[in-house]
Each structure stands twice: as C-alpha cells, then as structure tokens.
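Visitor: So you can see what is in the structure, the chains are spelled out below.
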Amino acid sequence: MIDIQNVSKSYEKIRAVHDVSLTLEDGQVFGLVGTNGAGKSTLLRLIAGILVPDQGQILVDGEPVYDNPAVRENIFFISDEPYFFPGSRAVDMKKWYKDLYPFFDTDRFDKLLKDFGLDPRRRIRTYSKGMRRQLAVICGICAGTRYLLCDETTDGLDPVMRQALKSLLGGDMEERGLTPVLASHNLRELEDICDHVGLLHQGGILLSQDIADMKLGLQKIQCVFTGEAPAELPGLEVVSHEARGRLHTYVVRSGREEAEAVFSQYSFVFYEILNLSLEEVFILETEAVGYDVKKFILG
Amino acid sequence: MGIIDMRDSRPIFEQISDWYRKLILQGVMAPDEKMPSVRNLAMELSTNPNTVQRAYADLEQKGFIYTVRGRGNFVCGGQDLVQQRKEEMVREIRVILDEGLSMGLDPRELALAALDTLQKSDGKGGQQ
Numbered sequence: 001m002i003d004i005q006n007v008s009k010s011y012e013k014i015r016a017v018h019d020v021s022l023t024l025e026d027g028q029v030f031g032l033v034g035t036n037g038a039g040k041s042t043l044l045r046l047i048a049g050i051l052v053p054d055q056g057q058i059l060v061d062g063e064p065v066y067d068n069p070a071v072r073e074n075i076f077f078i079s080d081e082p083y084f085f086p087g088s089r090a091v092d093m094k095k096w097y098k099d100l101y102p103f104f105d106t107d108r109f110d111k112l113l114k115d116f117g118l119d120p121r122r123r124i125r126t127y128s129k130g131m132r133r134q135l136a137v138i139c140g141i142c143a144g145t146r147y148l149l150c151d152e153t154t155d156g157l158d159p160v161m162r163q164a165l166k167s168l169l170g171g172d173m174e175e176r177g178l179t180p181v182l183a184s185h186n187l188r189e190l191e192d193i194c195d196h197v198g199l200l201h202q203g204g205i206l207l208s209q210d211i212a213d214m215k216l217g218l219q220k221i222q223c224v225f226t227g228e229a230p231a232e233l234p235g236l237e238v239v240s241h242e243a244r245g246r247l248h249t250y251v252v253r254s255g256r257e258e259a260e261a262v263f264s265q266y267s268f269v270f271y272e273i274l275n276l277s278l279e280e281v282f283i284l285e286t287e288a289v290g291y292d293v294k295k296f297i298l299g
Numbered sequence: 001m002g003i004i005d006m007r008d009s010r011p012i013f014e015q016i017s018d019w020y021r022k023l024i025l026q027g028v029m030a031p032d033e034k035m036p037s038v039r040n041l042a043m044e045l046s047t048n049p050n051t052v053q054r055a056y057a058d059l060e061q062k063g064f065i066y067t068v069r070g071r072g073n074f075v076c077g078g079q080d081l082v083q084q085r086k087e088e089m090v091r092e093i094r095v096i097l098d099e100g101l102s103m104g105l106d107p108r109e110l111a112l113a114a115l116d117t118l119q120k121s122d123g124k125g126g127q128q
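Those protein sequence lines, which keep their order, are chains A and B. Be aware that the first sequence starts at 1, since it is given in my numbering, and climbs by one per residue. Be aware that the second sequence starts at 1, since it is given in my numbering, and climbs by one per residue.
Honestly, the hints are just simulated from the structure, not real lab data. Here the structure is a predicted model, which means the values were calculated and not measured. Just so you know, not all the hints are guaranteed correct.
To be verified - Just so you have them, the derived chain B footprint on chain A, three or more residues with Cβ under 8 Å:
(1) 20 to 32
(2) 234 to 240
(3) 255 to 266
(4) 273 to 280
Stated by the list, open to error - Calculated Cβ distances over 12 Å to all of chain B for the following chain A residues:
(5) D80
(6) Y101
(7) K111
(8) Y127
Idealized CB from N, CA, C, for every residue including glycine.
Just chain B, same shape as in the assembly (with noise of 0.2 Å):
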C-alpha cells in the first residue's frame, strides 16, 4: 500500500490522514462508511497504533469522519466537505498564481494552461 512514503517529510499520522481525505473527497469512501480498525490499519502499515490514532483524532477534527464508542470510526457525509475542499482549492490555485505572476509568467499562457486542461478533461466530466 502507498500510504507511507519514508522518503517523504511529512510525518508519518499526516500521510495516513491526507491518504484517507483524499479517498473520502473523492467519494472512494462513501458517507457512513466504516473505517479500518486502529489495530488493521497499524498492522498493516507496520507502524505504531498511536499514529493510525492521531490521525484517525486529525480527521475527525478537520471533520471527515466520526468516531462511534466501541464500533470505530466513520466517514462523514460528503457534500460540505466536498464544497469546503473546492474552496480551499481555488484559494491555493489564486497563491499559485500570484507566484506565478510575480515571476513574470504571462498570465495568457496561464489561462492558456487553464483552457487546455479544461478541454482535456471535457467529455469525462467532473467527477463530483
């Protein structure tokens, strides 16, 4: 499983966490979904129990998933998170941006960039 990457800097409960935002944004977990088991999960990445649990306590603070006593956790239902998620992306799309522009890119060759990804992307369509 990809879920840890050694190599990268990021501790090891933030790539578990991000691993599952990814998933529950993307609607590979459906709402109310179970999610594995503390004891599953560090068995299966080889790795300690607390971490799986700190990043089990960092998404259900950032509100993806909810913890049921003595069932386990689950995934939230999307929408608000979905919508919640799209906002932060364009605000870290406007960042790019601004870093963009303030090294001189030519901002039509940005909205260039933007048209043919959008062209690209036509006819699969969004998958949200």
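The following block holds chain A by itself, in its conformation from the complex (with noise of 0.2 Å):
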C-alpha cells in the first residue's frame, strides 16, 4: 500500500503538488488524471522517491520511500519521456536495470523485445519516438517491482500496443500482484481499466473514490410523464434536473432500487434508467465541489 499524507512540493515559486494525501491500495489500478501542468508528474516522482517532499511523507508499506534502496527496488517509474543512456543500446539498459533491481526478468526482456519487433543491438537514438516508449514500458514490466508507475505511457502508442501494454499489466496484476499507478490527462483512457481514479487540479486532490462506488451511488433516469411532471421527487437528492419538452432527465444520488422506489409512484409514457459515463460521473461530482471540470480532463 502506498500512503500519501499531506505531501507539498514547490519547485522555487511554483507549487506543483500541494497538500496531497491519498492511499493507493495494492491489488487495484490507480488512475491519476489531471490537465498538464496539474501535478502529475511532479506526484509520480513523489512516489517513486525520485524527489523529497518540502511537507508530508510517502510511505510504502509504512516505509518512507525517500533515500530507500529496499523500498524503491519495488518501485518502478516510466518516465513519460524516457531516458536512456547517451548511445546505448537495449542490452545495455537491460544490464543497468538487472543491477537496480534484483527481481529483473532478463529471458522476458529478451522475449519481449523480440516480441515487439526491437532490436536489442541497435542504437536506441536511432529508435522511432513510439518505439523508445515500448523500450521503456518493457524495462518497467521486467524490471519485477511491485509498483509500476506510468506516466503518461500511452501517450504516443499506437492502438495495438496500448492493448498489449494494457493485457501485460493486467496478466502481471494476476500473476505477481502488480500494482499499476497510470497517471493521463484524459480520462477516456483510464476509464476502461482502472478500479480507483484520483483527479488532481492545480496541485491539489479533488476527488479519489472507486470507480464502481461513484457508478453505484448517481442514478441517471429519462422519463416522460403522463400529465404532469411533480415539482419535486419526495426522498431523493436531485443533482441536476433537465426538461427538454417533456422529456425529463434526472440525475439523483441514490442507489438504484431506492430510485426505482421513488419513481414507480408516478405514471408514464415513457422511463428509462440509463448508465452515466465515469465522464458524466466526475462532471457532476467536480461541480459539486465548485469546479467547472469539463474543459479540463476532457480531450
């Protein structure tokens, strides 16, 4: 478990992380979305002990990460512009990462690197930009930690591998108890596989809550009624509410069978509970808290 406690970071005058906490649970995908320049980045190199924090801590497993050898060989951070040694070459990489971390899988490395059609001998300069990508997404597969940070990794990938990057995370997930933090500022591609999303903005936490619970907890209901529509619906919290002639359409916060409770004590011509995206999902919790989000994550 990664436990995020009150952590700052200022970098001279400009605030990039501010007042953090979070708790990223082992076992699920952790999603970190937010615009650029929101303080991903800056998080992710947090938690991979790559900066100090000027407040709070970071502690895995209730060990600070910061100056931790024991710690950080768990700790695995794809950069999102990844670096490699000048005039190096995969097997170099390869000997470099087998040094840092003791549970480096080297017959994978070989295997994947064979798999993804790069060549282990070639200069990795004279590599195409979406290919040092896969360099850096196969060094941090194999490298064996517990945690895999992503950031912004599938940025720049083509559709293909993004499906293959996302089936090896999830075949490690099951096979080792991997842990991916994958942090983007668009939200459509967290969607569809994380279990856990935190919305960072401006340096600060929004919003951290399940995927599931958020779906669970807003019911959004499209209805016609016959006659009129009541002016309020007694026992349940209206989020927002949209006539388009006489078509209504509700969003409460409720679960699903009280909702259902409270509208089959009304008539109509026509009724329909429908599933809200995590999009629609983050727009009305963000506008709860006062913020106007859909020009910010959505992209």
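Starting from the two chains in their separate frames, assemble the complex, guided by the hints.
Guide: Given below as structure tokens:
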C-alpha cells in the first residue's frame, strides 16, 4: 500500500503539489487524472522517491520511500520522457536495470523485445519515439517491481501497443500482484482499466474514489410523465434536472433500487434508467465541489 | 473477440458477464466446462483482472458458474438456467407487448409477426 500524507512540493515559486493525501491500495489499478501542469508527474516522482517532499511523507508499506533502496527496488517509474544513456542499446539498459532491480527478469526482457520487434543491438537513439516508449514499458514490466508508475505512457503508442500494454499489466496483476499507477490527462483513457481514480487539479486532489462506487451512487433517469411532471421527487437528492419538451432527465444521488422505488410512484409514457459514463460522473462530482471540470479533463 | 464494445454504455464487467451468460444458455459452453482463467481472459481482453473477477462473481451469484478453490471457475448445469431464462423472456415479451399496445399497435399485427417468426424457424427446430 502506498500512503501519501499531506505531501507538498514546490519548485522555487511554483507550487506543483499542494497538501495531497491519498491511499493507493495494492492489487488495484489507480488512475491519476489531471490537466498538463496539474502536478501528476511531480506526484509520481515523489512516489517513486526521485523527489523529496517539502512537507508530509510518503510511505510504502509503512516505510518512507525517499533514500530507501529496499523500498525503491519495488517501484519502477516510467517517465513521460524516457531516458536512456547516450549511445546505449537495449542490451545495455537491460544490464543497468538488472543491477538496480533484483527481480529483473532478463529472459522475459529478451522475449518481449523480440515480440515487439525491437532490435536489442541497435542504438536506442536510432529508435523512433514510439519504439523508445515501448522499450521503456518493457523495462518497467520486466523490472519485477510491485508498483509500476506510468506517466502518460499510452501517449505516443499506437492502439495495438496500448492494448498490448494493458494486456501485460492485467497479466502481471493476476500473476505477481503488480499494482499499476497510471497518470493521464485523458479520463477516457483511464475509464476502462482503472479501479480507482484520483483527480488532480492545480496541485491538489479534488476527488479520489472507486469507479464502481461512484457509478453506483448516482442514477440517471430519463422519462416522460403522463400528465404534469412533479415539482419535486420526495426522498431523492436531485443532482441535476433537465427538461427538453416533455422529456425529463434527472440525475439523483442514490442507489438504483431507491431511485426505482421513488419513480415507481408516478405514471409514465416512457421511463428508462441509463448508465452514467465516468465522464458524466466526474463532471457532476466536481461541480458539487465548485469546479467546472469539463474544460480540463476531456480532450 | 467481440466481448467488449467500447461504445456500449454497459459497464465492462456486465458485458463480459452477459457474453458468457449467453454462451452458457445457448449451450456453447457445456456444464462443468472450465471457464478461462481470470488472468488469461484479462490478458486476452486487455482489461483489468479485477473487472474479470467481478464478472465472474456476477455469474456465480446468478448461478451460471461455480468456483472450485484453487482450480478455477466452471459452468453450472444448464437446464434450470435455461428454464429460468425462458420465463424471463416471456416476461420481457409481455413488457414489449404492453408497450406496443399502449402505443396503439394493432394486436393482430403482433400476432402475425409472431406467427411469421414461428414459420421461419420451423424445420430448423429449437436449439434447446
């Protein structure tokens, strides 16, 4: 488990991360979403132990991560700008990471390079941008760490590679208990793979919730009443209500059964409970805390 | 594989669960046949194993599969389930009929549509 407690980090006058507290459970995919400059990379670097927090602390299974080799051998950070030594080849990087990470799986590394069609003896600088990203992912997967932090990793990968990456992550979660942490500016990118999503905005966490819980707690109902629409729905907290002609769309904060119970008291020409997309849930939840999220996470 | 459709608004676990429910009801998966392992299915679908796990829990709760500790998930015996699904379908058809009638659809037209379907499937025989 990664426990982030009241962590702040500034670069001179720029406040990158401000008083962030988060818990990342093992065995779950944690998605970190936020615009460019929201503090995602800084937070990941803090978790990886590359940066020291100005305030607060980050504990991995109860141990501080900074300057703690025993903890750091279980965390791998895939940067959004993968770095490789000048003039190095994939085989050189393999040697380097093998020394750093005691559980590095060299056989798997060789096999994945082959599967991905990357020549281990070619200079990495002659790789394309996408190939360098693939190599960074392979290094991360093979490092054998319990946590894998991916910073905008799917960016610059083609759709086939994205699927391949998700497939590798899924397999490793089940096989060796890997916990992936994925940062992205795009909520849609995270929706289908994450168990838990944290929304970072201007260095602070706006929201951190289980996706399933978020969706279970809100119901979207579309209906046309026979006769007049009721002025209010007794016993239901209405989050939003929109009427287009006779078609009413409600979003209420409740479980499905409760909502159905209340609505069953009315008579309808047409009535339907719809699934909310994660996007809609996010918009509603952040509006509730006073933000208009539409313009910064949907792209 | 056509299990997951990103444009489908149903949650992914539900899409996986529905897919296998259909296969089991149609008899494509036989009773006591082994379900794919969570790991393999997650990798094949490029999805989160927790999502697959949730789909399996859903199928188990609805009585379509059973779990043997340490060995995996298996398809339950089918007859009860098929019967159950048939009853469910009759209820669904009634709901659709009600809706059609309330919209002023001619009951004779509905009856003819039903007969037409029956005639077309005649000779092919029911699968169940």
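Visitor: Evaluate the condition: distance from the CB of K111/A to the nearest CB of chain B exceeds 12 Å.
Guide: Nearest chain B Cβ is 15 Å from K111/A, so the label holds.
Visitor: Within the assertion that chain B covers the stretch 255 to 266 of chain A, do at least three residues meet a Cβ-to-Cβ distance smaller than 8 Å?
Guide: With 0 residues in contact (Cβ-Cβ under 8 Å with chain B), the coverage given for the stretch 255 to 266 of chain A is violated.
Visitor: For the stretch 234 to 240 of chain A, do three or more residues have a beta carbon lying closer than 8 Å to a beta carbon of chain B?
Guide: Coverage by chain B is violated for the stretch 234 to 240 of chain A (0 residues, Cβ < 8 Å).
Visitor: Just double-check D80/A for me: nearest Cβ-Cβ distance to chain B has to come out over 12 Å.
Guide: With a cut-off of 12 Å, D80/A remains clear of chain B, as the shortest Cβ separation is near 21 Å.
Visitor: Is the Cβ of Y127/A more than 12 Å away from each Cβ in chain B?
Guide: holds (24 Å)
Visitor: Going by Cβ atoms, does Y101/A stay more than 12 Å from chain B at every point?
Guide: Given a closest Cβ separation of 23 Å, the condition holds.
Visitor: Counting residues of the stretch 20 to 32 of chain A that have a beta-carbon nearer than 8 Å to any beta-carbon of chain B, does the count reach 3?
Guide: With 3 residues in contact (Cβ-Cβ under 8 Å with chain B), the coverage given for the stretch 20 to 32 of chain A holds.
Visitor: Checking C-beta pairs, does the stretch 273 to 280 of chain A have three or more residues closer than 8 Å to chain B?
Guide: Coverage by chain B holds for the stretch 273 to 280 of chain A (3 residues, Cβ < 8 Å).
Violated hints, in rising order: 2 and 3; the structure is consistent with all others.
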